[in-house]
Amino acid sequence: MATKQKVDAVIVGMGWTGAIMAKELTDAGLNVVVLERGPDRSTQPDFAYPRVVDELEGSVHRKFLQGLAQETVTIRHSADQVAAPYRQIGSFKPGTGVGGAGTHWSGCHFRALPEDFSLRSNVVQRYGRNFIPEEMTIQDFPVTYEDLEPHFDHFEYVCGTSGRGGVIKGTRQEGGNPFEGSRSRDFPLGPNPDYLGAELFYKAAGEAGYHPFPIPASNASGPYVNPYGCQIGKCNFCGFCSDYGCLNYSKASPNICILPVLRQRKNFELRTHAQVLRVNLDDTKTRATGVTYLDGEGREVEQPADIVLLCAFQLYNVHLMLLSGIGTPYDPVSNTGTVGRNYSYQNLNRVVLFFDEEVQANPFIGIGGGGVTFDDLNGNQLDNGKAGFVGGGIIWARQPGAGPIRGINVPKGTPGWGSDWKKAVKESFRHNFYYEVQGACMSYRQHYLDLDPTYKDGFGRPLLRMTFNWHPNEVKAAQFLVGKAVDMCKTLNPKTISAESKEPGAKYNTTQYQSTHTCGGAIMGADPKTSALNRYLQSWDVHNVFAPGANAFPQNNGYNPTGMVGALAYWSAKAIREQYVKNPGPLVQA
Amino acid sequence: MRKILLTLLIILVLLGIGALVFAFWPTNSRPVAVPAGGMADAGLKERGHYLALAADCGACHTKPGEAPFSGGLPLASPVGVIYSSNITPDKETGIGDYSLDDFARAVRHGITPAGATLYPAMPYPSYAIMPDADIAALYAYFTQTVPAVRAENRSAEITWPLSMRWPLSIWRKLYAPDPDQVTFDPARYTDPVIARGAYLVLGPGHCGACHTPRAITLQEVALDERSTDYLSGGPVIDGWVAVNLRGDNADGLGTWSVEDIAATLRGARNPHHAVIGKPMQQVVTDSMQHMTDDDRLAIAAYLKSLQGSGRSKSEFVADIGTTKALAAGQEPEVGAEIYLDNCAACHRTNGMGDERVFPRIAGNPTVLADDPASLIRLVLAGSSLPGTQTAPSRLGMPGFDWRLSDTQVAELLTFIRRGWGNRADAVSADQVADVRKTIADERKGEGTAASLAERK
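These protein sequence lines map, in sequence, to chains L and H. All residue numbers for the first sequence refer to this note's numbering, where the first residue is 1 and numbers rise by one. All residue numbers for the second sequence refer to this note's numbering, where the first residue is 1 and numbers rise by one.
Among the hints, a few may not be true.
According to the in silico footprint, chain H covers these stretches of chain L (three or more CB under 8 Å from chain H) [said to hold, decoys possible]:
hint	segment
1	225 to 234
2	258 to 266
3	476 to 484
Quick caveat, the hints were computed from the structure, so don't treat them as lab data. Cβ atoms here follow ideal geometry from the backbone N, Cα and C, with glycine treated the same way.
For reference, chain L alone in the conformation it holds in the complex (with noise of 0.2 Å):
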């Protein structure tokens, strides 16, 4: 096996996390390597337009995912069943090569609220201890909204992220989210302009007593320079964000926001086809001393390091510290151990309006993370105690841009096929509408990740299995939320109103796409039993290793979480500059 030289810190993946930790780890002067399993990518040739606008090839073919015949997890709803593995691409999507799931995202940027930081405690306090059901294993975040409210704005300020801001330093601000934590300035960009069902939403929330805004987008509403030098461009709402590069250098990505700068020099060095097979740890297992990767010829290598960053996937970081022996185990029957706990998800349910031929909804123009939200049933607005669930959530209006082949919404009872179905396209296509309900999503002690004793991946690795069924809480929260956008719509006057809710006893549908937002199973926090990582992403077991991503996130909030994940991963990358590179060693005490 050939040996590489030690290099100060080697990452796996260049995606978000691993863009943001190799500019701020050269920043201070290391050696980085970046290895990254699947190809490198950049606007030019890779999302050129007019080829990558191909419905066939990005929405169905799936050409900017991953690719799942080499490595995918297997998934079960319970842990008296056998999984099966993810084989198509459905209820999620990772991604693959350089850019990671940065480049097909849709642009959606929160930042989480400030009482999110604080879920556990803050339940506990509004509505007791028995509040919470047994299972339930919901925790505090081991740092605060404050802690991150630099990095929540650097990372905007990075992305070009546009938006309103409706808290600046403590002063209300019209027309954006009275309910944000205080931001210290505003976005780097203003919102952008609103498609006609956003427009019809503001309407509906307003009327409805609620307070919308635009929701924070990275998909540029102006020409911006970021702060690292590199030029973003006014998006030109072509509706091709989600599941495809950006064509237009308009959605913000690790390519265009983070890796000019990085391609530039001389303490960086990017390998792509790089599968990274385990992270390779002393005799004491108390040190990682580098990684084990599969280069594009298939000949394995090691990279030693003083720093290894697991910048994978969410799902993929918690493979790799399984596989690697990074901590132990989690098991759900002894409710110990620390890797594969408090996996989460998140909560999707549609709402469909249909209209008559006036309103022209022209669906095919869109912008991913663009449109109009509002928080009215999030955090601390929500009364849980009422409502009798754990967890808000946002209804929002985003129109990311539909097409033929992904799919055209018809009423419900529409046959799906034959000339019934075409008379309902027809008149659906083009004068409709759908605004989403994204919940948060608890963690719980039997929804977890483990290696599977059954499936092997390419590469002769047992495959992550994940366990996930949805619980009442969630269903619950499906169906209080569904039915206030419902009643919320209704003075729209629509010709018919679709409201797709789960219902009691609803299983987890592998098949169907929700969301991306897979989340936890290597979780950050305040106890070295509960939590894998520390409250700056580092592993409690093995102190050269760090874990930025939605893999630390306890739970899920009700909103999307690269804002959160982006924002960790500079916290994370301050505390490795300023503490850990002058004085290697755990950074908190266990």
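Model the placement of chain H on the given structure of chain L, informed by the hints.
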């Protein structure tokens, strides 16, 4: 009859002898004064380094992947491939044995210590104006700062009789200025900033080498602004047209601000336009981005002082007729339809592109250049900006050669050369076919195109 032939023969022999005498008659050059601070002065070497950047010596004398200034880069010339020379201070293969005067003779006169004339790929007609102090600074830098590298010089690949060197000295004596007569005089300019810009453009920057038209005998038709032909646009170089840098409104820089020009030199882009040609991109990355803001602004101020040459037939008067027609759903020509289907997503129906990211088509000098070679190449093969220190983003445009036929490209370009107030000649399918073939040959790696590609 025999008498006439004999007379003709005598005349030819005499002409030949005359040419040889003219060619071999020695050229005098003044000795260069050693600066007061001596040749080892750190400031002198630093200034030499800056001048070497401004003159972009590395563009030709450094082969990618090889030691700086060790030469060996192939350069296409009309007569064959020339290889740049090793100008590191190696005693045997470089310029380690050059005296200051030898160096000055090579740089300003184009004469080697052995007396041979350099191919004018070395822009000594431009360097002729450089004062002794700057020559000394360059000498100090090249002989003391640059590490010596042993790298044998490679002979030019030029076939006899063109490979004979002595006729070059006739060319030099006829067309290259005498450095002793043309030392730069800032007093010729009223504004000291413009004078500084003029020096950099005329001298070290040797902008005219590409951007001034050349006569049939290959000399630049003008070496400074006293002729309106100076910098009025040069030939196609490595597939890209060297654009008109004068104040012409359509194919020149008439609509550009001083800041636009300075930004372009710094980052290969400005809010409305971008440098699409690889040769100029290389000038920016290797040379211009390393200069001071003041010097870039001075160059821009000088260029803005040049009135239009009037050589081009193109015109530009902004006109929103095209925008209105497209917005109204009118596509009067096939070219308009092709534009909407392929270009408008980024360059928009108003032809204004998008600030800082997608260049304008309306009033764009590359669109309006008499020779549409760059435009055709751009549409067929695309182009990406280089990442620079201040503008790292490699923004780019894809090629459309896989999608558009020669006729379609011709129709498209004819449309954009006449839309939004642009007025330039139609583009023919034959012109497109020529460029397409050239690109295909380059990709196959044939002929000189292959060695040129190494410069990338």
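For each hint, the structure was consulted:
1. A stretch counts as covered by a chain when three or more of its residues have a beta carbon under 8 Å from one of that chain; for the segment 225 to 234 of chain L and chain H the count is 8, and the coverage holds.
2. Coverage of a stretch by a chain is defined here by at least three residues with a beta carbon nearer than 8 Å to that chain's beta carbons; for the segment 258 to 266 of chain L and chain H the count is 4, and the condition holds.
3. With 0 residues bearing a CB less than 8 Å from a CB of chain H, the segment 476 to 484 of chain L misses the requirement of three and the coverage assertion fails.
Figure legend: structure checked against the earlier numbered hints; the only hint not met is number 3.
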